[in-house]
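*Asks:* Top to bottom, those sequences are chains A and B. Per this note's numbering, residue 1 is the first one in the first sequence, and the count goes up by one each step. Per this note's numbering, residue 325 is the first one in the second sequence, and the count goes up by one each step.
Hints listed in this document are in silico derivations from the structure and should not be mistaken for laboratory results. Keep in mind that this is a model prediction, so the values were computed, not measured. Ideal placement from N, C-alpha and C gives every residue a C-beta, glycine not left out. Treat the hints with care, since some could be wrong.
Unchecked claim - Partial list, derived from the structure: chain A residues whose beta carbon lies under 7 angstroms from chain B:
{"id": "1", "residue": "T179"}
{"id": "2", "residue": "R180"}
{"id": "3", "residue": "L183"}
{"id": "4", "residue": "A187"}
{"id": "5", "residue": "E190"}
{"id": "6", "residue": "N191"}
{"id": "7", "residue": "H193"}
{"id": "8", "residue": "A194"}
{"id": "9", "residue": "T197"}
{"id": "10", "residue": "A198"}
{"id": "11", "residue": "G199"}
{"id": "12", "residue": "I200"}
{"id": "13", "residue": "K322"}
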Amino acid sequence: MGDAFLAVLQVGDATLRVATPLIFCAMAGLLSERSGVIDISLEGKLLASAFAAGCIAAITGSAWLALMAGIAVSVSLAAIHAFACVTHRGNQVVSAVAINFMVSGLTVVLGNAWFRQGGQTPSLDATARFMPITLPLADTIRPVPVLGPIYAELISGHNLLVYVALAAVPLTWWVVNRTRFGLRLRAVGENPHAVDTAGISVTLLRYRAILIGGALVGIGGTYLAIAQNAAFGREMSAGQGYIALAAMIFGKWRPWQAMGACLMFGFLDAVTIRLQGYDIPGIGEIPVQFIQALPYVLTVVLLAGFIGTAMAPKAIGVPYVKER
Amino acid sequence: MTEGETVTGGGVAGAAPSPPPAIEFRDISKAFGQVQANRAVSLGVPKGEIHGIVGENGAGKSTLMSILYGVYEADSGEVLVNGKPVRIRSSRDAIDCGIGMVHQHFMLVDNFTVLENVVLGAEEGALIESSIEKARAELARLEEEYDLRVDQDAVAGDLPVGQQQRVEILKALFRGAEVLVLDEPTGVLTPQEAKQLFRILDALKEHGTTIILITHKLREIMAVTNSVSVMRGGEIVAVRRTQDTSEEELAELMVGRKVRTGERGEAREAGDVALKVGGLTVRDAQDVARVDNVSFEVKAGEIVCIAGVSGNGQSELLQALAGIMPLNNGEFEAMGRSFSPDHPANPKLMRELGIAHVPEDRIRMGLITDFVASESAILGYQRDPSFLNHMLYRMDYLFGHCRKLMENFDVRPRDPSLRSANFSGGNQQKLILARELERRPDILLVGQPTRGVDIGAIEFIHRQLREYRDAGCAILLVSVELDEVMSLADRILVMFEGRIVGEVDGRTADERTLGLMMANAHEGATDRVTEEARL
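The shape of chain B in the complex, shown without the other chains (with noise of 0.2 angstroms):
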């Protein structure tokens, strides 16, 4: 148990002639034709040591880990595991060296059992049955040990998110990993289920585990990791102990400057309803309603914020709203215009009325990624006369047109013929929130606007939110990120299975209260629910 006093000593260092690292990279790089995304990348990680690696989009960490697990080979340099150089070239040989990886999009059959997915790929002969019996008790041994409990037999596909990466973590284990990477791993959870997360990681950490999580929450870097480091264009330019560092500066560190995140603007008062929506209800094509019964106002002036665990109605709700989805109940009212079954919504007449929609899925829904980024500035708006000369499109307005979006909303590169597809996700984000928002909509209904987009990018957008709302403008905003809804909401409306199941003030907000009424376990909404599944 050595590494218990490593792990709590943290700082203790010298006291005895330490283990070499237990993943070692000595001056990685690797290139992707012009793009060099690993620089010269030297890092250590200690063995029994929770370690993460920060960075933004692009900053070289899954290029880091995609090598360490096989995916690439460096063009140069060596990964050393326990002090010894090997050369990994497929992730076969990571298993062998007992490395584990977590993705952040779960590598899991979907139709397949627990255990047939713990079981691919470490099957012990070419029949199946006996290896499954092993596992099935290998397995019972791992749940016991980490409290990583899994219905062994359930299809991966049902479970829910948090337990299908619990099946990605046993797969790991069963291999015999001694170090565990976990990419972005707390992305689809909600706060609950990441607290489980960390608990489990301790445990893996007290059983001498080595972990890399690598993450863009600052706030769990703070909690759960001994060391971290930072990485920027495709090199690591800090190393720190956790203790030693904050999570303005790990930000900094990350941007190359100056942060300000979570300001919050004046506390004001919202203006007249904008929208009003009553009874709503969607049925999706089996028939099951995926927002069921719905009724809340966004005032003009405020942000009102939609919190839950994806998947939960949001969805379907923001696209209802947008003339997208079709509505099957009630109704709502918006820019002095009612809409119910008999009277649908069609997206055009939205935009028309001066309602504006940044659509969750930027890729399927918000550009078209052929386009040219003058072209997708235009979608949504391209029957605009001013656009047009007679039949044709007049594209040097439109060039100009589109460079003046790209100004104001600060995209880069400032090319108007640049295909969309080669816009990073935060500059196609601004690029859609700036077709969306230059017409001074009335009403804006945005979702995710920060998915997957930079730390710096983040700062920018909800600048630009809390600013259009300043000037009147009445947003409705879908997210599953709690720290952007606690830092823009003025009221937060908490969705579960199709209904709102809660609703905060967003100046008085607390985390743990947000989680429960996200996972429907807070007090109040919990009976009715289980009343109505009982009938």
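For reference, chain A alone in the conformation it holds in the complex (with noise of 0.2 angstroms):
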């Protein structure tokens, strides 16, 4: 039973890992996408604060300075994704596709001309980086059956961003549904025209949901580079904006539920690592291709059949005009 359990809480420990930058992302897109404005630059955003993050790192050394750094990029996007949709009413999905594209090319050739390592950043010492974090007691209560391997490998020993995401969802929550803000958010994206009349700027309200979400984004990038990893490799985020979009609609636009689904995904992802070359009794060696597909093929699996009726906030997509 000991290895069993041993190897289970490697498992969640995996997952949460996998899990944090998608949590970081699902909840940003939520704020944005709970305010009437679809977020699929949310990729882009994870990717260009992974690179600032990784930049600033390597050059500085300062953990610290690379978070601002990766948070500053993810509100500029997300303040020029705000300014075409909001401002000027563009395509929120044409705005979000560019930000995207324009990201992925921009860290390859800048990181190229920086550092000239084929689009990585130079890999960093654990000074420049957040390392895991063992929670006090975590030696002492490890003895103890059960709950003492459970708190020493499971809840302790990660690095501080994954314990600021874990606490991102609550405050998502709080901040949703229990202050101002967050009843004119929820509003906003139901009937924009309510919030109008009721003498609150539409606008301002957007923009500040987008850019407090490209602030999340920001800390997800950053970890992705200098705390799960040591350095920003080309393309990295890998499409993790995408899935936290999907872990956020399955988990039907509120937080706690966004992150079960964030957690499903991390999960499959922590499965199929130590599924790989393993011999499942009957039908043997899975290939590597197939296992890493899955979580992509159950995202389409999920999202198409189980997900039933998604009441999407009602306004989204839809630059708000006043009525004649």
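Please dock the two separately framed chains into a single complex, following the hints provided.
*Replies:* So this is what it looks like as structure tokens:
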């Protein structure tokens, strides 16, 4: 039992690590979409902030400066998205896709020009990264049966940003459901006319939602480059922005459910890593490619089949124009 | 309670130095591009009165109110509130000036509770809980004072429209509105709901609230207002004390010429049964019976109207008969053919048989707004060989055809190459009617023929329908406008929750009975429904 239990804990541990950037992106997407603006540019913002964090960490050697840079870059891109979609009522999908393409190309070009490592940023020392934190008493409690290993292996031993991601979920829930900003946010995604005629600026509200989302994605990107990994690698976001968007929709635009979906995708990822080269009785070894494709296949299946009657915010995707 | 005196006094002017008007417009002008929506409008609305504004579509009523509520800024002129000039540049400014607005399309967040809707935008502090609790107490007081009862914790989207409207009024009062503007408030209400609304407005007036009522229903103006102004072509053409005017005068002022409404043709015998419906049931995608076991007949040379509050299955019934929605049960016979779930109808076949359909929603189903008029004028008949030269359309012929329709049905402007979207609602509707009636159909299915249509065009459309009826056409008309139903119908069927709950002779119908039937609260039908509900 001991080995199997430990294996389960390790999968859980890996799940958390993989799910962290997804959670940041899902919360960001949630804020943006609850305000009525589709945010497919999560992917681009994630990649751009990872690149910024990787660069700044490599140059300054400071993880905190890198975090600031990651957030700043992501917020700037969010501002562009907001400017195009809210101020100029552009098409939200087109604006986001443009951002994604731009980032995908720029990170490689700039990375090559600055570091000449094929688009990668230089590897980082431990001091320039967010390193795992051992929570208090982890080693003392470890011998306690069941609870001890859970605390020491699963809960303790992550880097700071993982805990920030976990904290972001209840915080998002609280903001959305308990604050004035949240009330207005929910309203503006459903019926911006109601918000406008109540004397509240639709534009300002949507800007705020998108920019706060940008900051969250910035933390996620920083995590990718300097916490989960020790350098930025080209296309390192690898579709996680899209997966997070799917998770958020799967979670029906609600924080806890969205986190659940992120953890599920993280779990699938963690399991597939362990399944590689593993003989399943009666089936034999499963090809790596198949295992790697599994999360994406499941995304499609789940979204198509199980999401049911997800009620998207009614005004989503529609630029606000005052009625004549 | 000085307001009380001016209210009842109506004409008692000059007894005391009168207070400044609650709202005063001075020389307000506003243009949208080439269109002058308001032209030097000057108008004072006395405090504590109900003031009506009437006018045809596009007369500038809505623009004037939008300026008052900060949606637009006037190009020139000024607005005074209680005698003080104010600059209203946003809804926020208007609210701060004590102006509240109940829009024609309610501004509610459907998935919010009543309380959340009321609090939105009027929260105190960054957290909502305390605001919600305060609002709860304040709403309870307002409900008591004005008899504005609503379940505070109900989800707004689940409430009937009459209740939603009360939420809108509560929203305005909660924000401290002293002037309440209502834009076409009774368009979606049953007569009973409308009566309740007017009682509420009276209570508000008693407490000193000034009310501006925008409507095209002259009867309402006569019933509830103290004074009324008439707008035409962006200008105020007349201001009257309500007691000194009449519906006829107001209608004339609105249109700018004599209008004859409500005329009925001679009593006449109807012909053979043209459309026979038996046990018809139509279910929607959620398997809810929208039309529930409906049976009736329409004879040649008669107009049968289906009355009812919108959303009670009339649309589905009409679409099923037009071959658009599939039947789930029952059958109907028309033009010697029988249609049932096993023998479905389709729109093409129906048109070939001589069954024309003027859909309720002219923008979505009646025409294609991006098409030019000559194209919209052949929709549904686009396969007609006379339009075609082998595979290509004969464009010159189509233009001539469209121009002929336009002349026969007085569609303005008479320009077949103008995009359909650029015609006014009434002219779009006349074009559609022309298209469908030109072929002299034996059966005509019409939905909401005059929704959003000017009073002049209404008169014209009604006259056309009567003419075709007299020529032997069997007409089934669905309308939520009781005035329309009562002035056109030979027989009236009332629909409620998919069923026909009553039939009334068109000549003896009265509004009260119909209204009760529409709410299924009349004697007889109530028992049946509640019994079924109990089962």
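*Asks:* Can you verify the interface hint for A198 (chain A): is its Cβ closer than 7 angstroms to any Cβ in chain B?
*Replies:* holds (3 angstroms)
*Asks:* Under the criterion of a CB-CB separation shorter than 7 angstroms, is K322 (chain A) in contact with chain B as hinted?
*Replies:* holds (6 angstroms)
*Asks:* Against chain B, run the beta carbon of A194 (chain A) and see if the smallest gap drops under 7 angstroms.
*Replies:* Holds: closest Cβ of chain B sits about 4 angstroms from A194 (chain A), inside 7 angstroms.
*Asks:* Next item in the hint list is R180 (chain A). Is there a CB on chain B closer than 7 angstroms to its CB?
*Replies:* At about 4 angstroms, which falls below the 7 angstroms cut-off, the nearest Cβ of chain B leaves the hint on R180 (chain A) intact, so it holds.
*Asks:* Hey, does the T179 (chain A) contact hint survive, CB to chain B under 7 angstroms?
*Replies:* holds (6 angstroms)
*Asks:* Under 7 angstroms, Cβ to Cβ, is where G199 (chain A) needs to be relative to chain B, so tell me if that hint holds or is violated.
*Replies:* With a minimum Cβ separation of about 3 angstroms from chain B (threshold 7 angstroms), the hint on G199 (chain A) holds.
*Asks:* Does H193 (chain A) pass the interface check with chain B, least Cβ-Cβ distance below 7 angstroms?
*Replies:* holds (5 angstroms)
*Asks:* Closer than 7 angstroms between Cβ atoms is the bar; does L183 (chain A) clear it against chain B? Give me holds or violated.
*Replies:* holds (5 angstroms)
*Asks:* Grab the minimum C-beta distance from E190 (chain A) to chain B and call the hint holds if it beats 7 angstroms, violated otherwise.
*Replies:* This hint holds: E190 (chain A) lies near chain B, its Cβ roughly 5 angstroms from the closest one there, short of 7 angstroms.
*Asks:* Next item in the hint list is I200 (chain A). Is there a CB on chain B closer than 7 angstroms to its CB?
*Replies:* holds (5 angstroms)
*Asks:* Classify the hint on A187 (chain A) as holds or violated, based on whether any CB of chain B lies nearer than 7 angstroms to its CB.
*Replies:* With a closest approach of 5 angstroms, the A187 (chain A) hint holds.
*Asks:* For the hint on T197 (chain A), does the least C-beta distance to chain B fall short of 7 angstroms?
*Replies:* Constraint on T197 (chain A) satisfied, holds at 5 angstroms.
Violated hints for the displayed structure: none, as all numbered hints are satisfied.
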